[in-house]
Amino acid sequence: MKHALSLLLSVLVAIALLSGCASVNDTPVAPQAGQADTSQTKETDHFEYHSDTEVPKGPGILSGENGEFSVY
Amino acid sequence: MKKRVLCSTLAVGLGLSIASTGTAKTVTVDEEVLKSMQLQLAAQAKAIADLQTALKGQQDKLDKVPEIGAKEQAVVVAKPDSSKVQVALYGQIDKGVMYADDGNEDKTFFVDNDASSTRIGVKGDVKPEGRLSAGTLMEFEYQTNPSNKVSMDNESINEDLNARKLSFYLADAILGKLTVGQDSAATDGLAEIDLSGTALAGYADATIIGGGLSFYDNTTKSYSKTTVGSAFIDLDGGRYDVVRYDSPKLYGFSLAGSVGEESKNEIALNYSKQFDQLKVAGGVGYANEGSNSSHDDRWLGSVSTLFTNGLSFTLATGTRSESDTQRHDPFFYYGKIGYQFNAFDIGKTALSLDYGTYQDFALNNDAGTLFGAQLVQDLDILSSQLYLGYRQLQLDRDLADLNDIYAITSGMRMKF
Numbered sequence: 001m002k003h004a005l006s007l008l009l010s011v012l013v014a015i016a017l018l019s020g021c022a023s024v025n026d027t028p029v030a031p032q033a034g035q036a037d038t039s040q041t042k043e044t045d046h047f048e049y050h051s052d053t054e055v056p057k058g059p060g061i062l063s064g065e066n067g068e069f070s071v072y
Numbered sequence: 073m074k075k076r077v078l079c080s081t082l083a084v085g086l087g088l089s090i091a092s093t094g095t096a097k098t099v100t101v102d103e104e105v106l107k108s109m110q111l112q113l114a115a116q117a118k119a120i121a122d123l124q125t126a127l128k129g130q131q132d133k134l135d136k137v138p139e140i141g142a143k144e145q146a147v148v149v150a151k152p153d154s155s156k157v158q159v160a161l162y163g164q165i166d167k168g169v170m171y172a173d174d175g176n177e178d179k180t181f182f183v184d185n186d187a188s189s190t191r192i193g194v195k196g197d198v199k200p201e202g203r204l205s206a207g208t209l210m211e212f213e214y215q216t217n218p219s220n221k222v223s224m225d226n227e228s229i230n231e232d233l234n235a236r237k238l239s240f241y242l243a244d245a246i247l248g249k250l251t252v253g254q255d256s257a258a259t260d261g262l263a264e265i266d267l268s269g270t271a272l273a274g275y276a277d278a279t280i281i282g283g284g285l286s287f288y289d290n291t292t293k294s295y296s297k298t299t300v301g302s303a304f305i306d307l308d309g310g311r312y313d314v315v316r317y318d319s320p321k322l323y324g325f326s327l328a329g330s331v332g333e334e335s336k337n338e339i340a341l342n343y344s345k346q347f348d349q350l351k352v353a354g355g356v357g358y359a360n361e362g363s364n365s366s367h368d369d370r371w372l373g374s375v376s377t378l379f380t381n382g383l384s385f386t387l388a389t390g391t392r393s394e395s396d397t398q399r400h401d402p403f404f405y406y407g408k409i410g411y412q413f414n415a416f417d418i419g420k421t422a423l424s425l426d427y428g429t430y431q432d433f434a435l436n437n438d439a440g441t442l443f444g445a446q447l448v449q450d451l452d453i454l455s456s457q458l459y460l461g462y463r464q465l466q467l468d469r470d471l472a473d474l475n476d477i478y479a480i481t482s483g484m485r486m487k488f
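Chain order of the listed sequences is A and B. Going by the working numbering, the letters in the first sequence line up with residues 1 to 72, in that order. Going by the working numbering, the letters in the second sequence line up with residues 73 to 488, in that order.
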């Protein structure tokens, strides 16, 4: 069983290491002469996991676009 | 002509004579008047100086008025700025119908889906200048006929209002976040990370749908004491009074640790990141079950990926060490394959199939197997999700012949 957890941790670490090569959060590098500037095509990594079992983000049927009733 | 010149000369001479006589008198008068005027001027100068002094005094008083105003303004600034303070009410209703068949009896239940129960909350956030922020959270759950508790014997359960979260937090963008109060311990949700979009209809915790149903034993022709809720556990963490620390995210990783009531200690490593072609979320954790538990330690983790083409893969696993040396340490494995797409204007559609095995939870050598299928249809215009889930739960036990339990659940979650 501990092997399964170790495997899971290994998967996470592997993904993290791979992300070091393909991170979408790298500091943009100025393109060399003759190269296309692709920095604008990279996404910024703002992904935060939000469980589907929690109250979802986004609009509410009564609260509208805000998704919450602003009390103050 | 000569007469005119003569007359003019006389007139000028007379005039000069008169003028010279007058001047002599004036000089005499000026000396006397001058002293008088000098005295008057001195008196006037003194009066002016007095007036200036008085005016300056008044001006000083007037000048002090804006200073007091500035102080008052500073006090106002020190008070919470409405633009930096937010207090909001939020919540959802999640109701459905669950049909269950345990091989001996079948019944239709009208339930509150425990996968994401009916709840309401109030949260407050303060974000002053700089890196600091703080806030409060009160979240309550109010379920009637919870899908994890109804049974063939009891289909009407009116739950009390239960507190899910009662806590406050202090956060620093560099140092991290500290949460105090009843809230998620470090491993809460760690076995249930799921990007399939179908968690409403089923995920690693098999107890949420039909958890109160008992297995019927064909050998004894009676219901066993084992329920789904005691045999299909995903070992996920819970919510209780904690002091929890969350580190800032670094390269997608963040660390969480909590200490809480009954000497419970938990630690977790979380990961979430978006790449060009996929999103990844996962985590692993460890928990010491505390002084009042029959379990010692708990290890768990899960990872889920969602590709831009809509495919998703989810894995979860966990184990627990028992205090009773006669008991085997229970463990589980769980996997889900999903696909989500936007075929309809009403919102995203998500489908998935899942499988899990749950060993030694209720009794030694118990082997539980889960099969399931899920469908969740977003209804964007209603801020809602329609869901349909199927579960088949098998439990193999020594010297027993337990019937499988089937459950179909359908309903809708509406965020208000």
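In case anyone wonders, no lab produced these hints; they're calculated from the structure. Treat the numbers as computed from the prediction; the structure is a model and nothing was measured. Yeah, the Cβ is synthetic: ideal placement off N, Cα and C, and Gly gets one too. Just to be clear, a hint being listed does not mean it is correct.
Covered by chain A, per the in silico footprint, the following chain B stretches (three or more residues, Cβ under 8 Å) [unchecked claim]: (1) 181-192; (2) 346-360.
Within a straight-line C-alpha distance of at most 20 Å, the following computed EDC-like cross-link-like pairs (lysine to aspartate or glutamate) qualify [what the hints assert, rightly or not]: (3) B:K195 to A:E54; (4) B:K351 to A:E54; (5) B:K167 to A:E54; (6) B:K195 to A:E65.
Ranges of calculated distance between the beta carbons of each label pair, as one might list FRET restraints [claimed, not checked]: (7) B:L127 to A:G64: 51 to 61 Å; (8) A:H50 to B:D232: 52 to 62 Å; (9) B:P200 to A:G64: 36 to 46 Å; (10) A:F69 to B:L322: 34 to 44 Å; (11) A:F69 to B:E231: 43 to 53 Å; (12) A:H50 to B:A206: 20 to 30 Å; (13) B:T292 to A:H50: 24 to 34 Å; (14) A:E65 to B:S294: 53 to 63 Å.
Each hint tested on the structure:
For the region 181-192 of chain B, the stated coverage by chain A is satisfied: 3 residues place a CB nearer than 8 Å to a CB of that chain, which reaches the threshold of 3. Chain A is given as covering the region 346-360 of chain B, and this holds because 9 residues of the stretch bring a CB closer than 8 Å to a CB of that chain, at least three being needed. With a CA separation close to 14 Å, the supplied pair K195 (chain B) and E54 (chain A) stays within the 20 Å bound. Between K351 (chain B) and E54 (chain A) the alpha-carbon distance is near 19 Å, which keeps this suggested pair within the 20 Å criterion.
A distance of roughly 15 Å separates the Cα atoms of K167 (chain B) and E54 (chain A); the hinted pair therefore holds under the 20 Å criterion. Under the criterion of a C-alpha separation no larger than 20 Å, the hint pairing K195 (chain B) with E65 (chain A) is consistent with the structure, at around 17 Å. About 60 Å separates the C-beta atoms of L127 (chain B) and G64 (chain A), a value consistent with the hinted range of 51 to 61 Å. Checked against the hint of 52 to 62 Å, the C-beta distance between H50 (chain A) and D232 (chain B) comes to roughly 28 Å, which is inconsistent with it.
Between P200 (chain B) and G64 (chain A) the beta carbon distance is about 28 Å. The supplied range of 36 to 46 Å is therefore violated. The given range of 34 to 44 Å is respected by F69 (chain A) and L322 (chain B), whose C-beta atoms sit roughly 35 Å from each other. Evaluation of the 43 to 53 Å hint for F69 (chain A) and E231 (chain B) yields a failure: the beta carbon distance comes to about 24 Å. A hinted range of 20 to 30 Å for the beta carbons of H50 (chain A) and A206 (chain B) is consistent with their spacing of about 21 Å.
Between T292 (chain B) and H50 (chain A) the C-beta distance comes to about 46 Å, which lies outside the given range of 24 to 34 Å. Separated by about 55 Å at the C-beta atoms, E65 (chain A) and S294 (chain B) satisfy the suggested range of 53 to 63 Å.
Going through the hint list in order, the structure does not satisfy hints 8, 9, 11 and 13.
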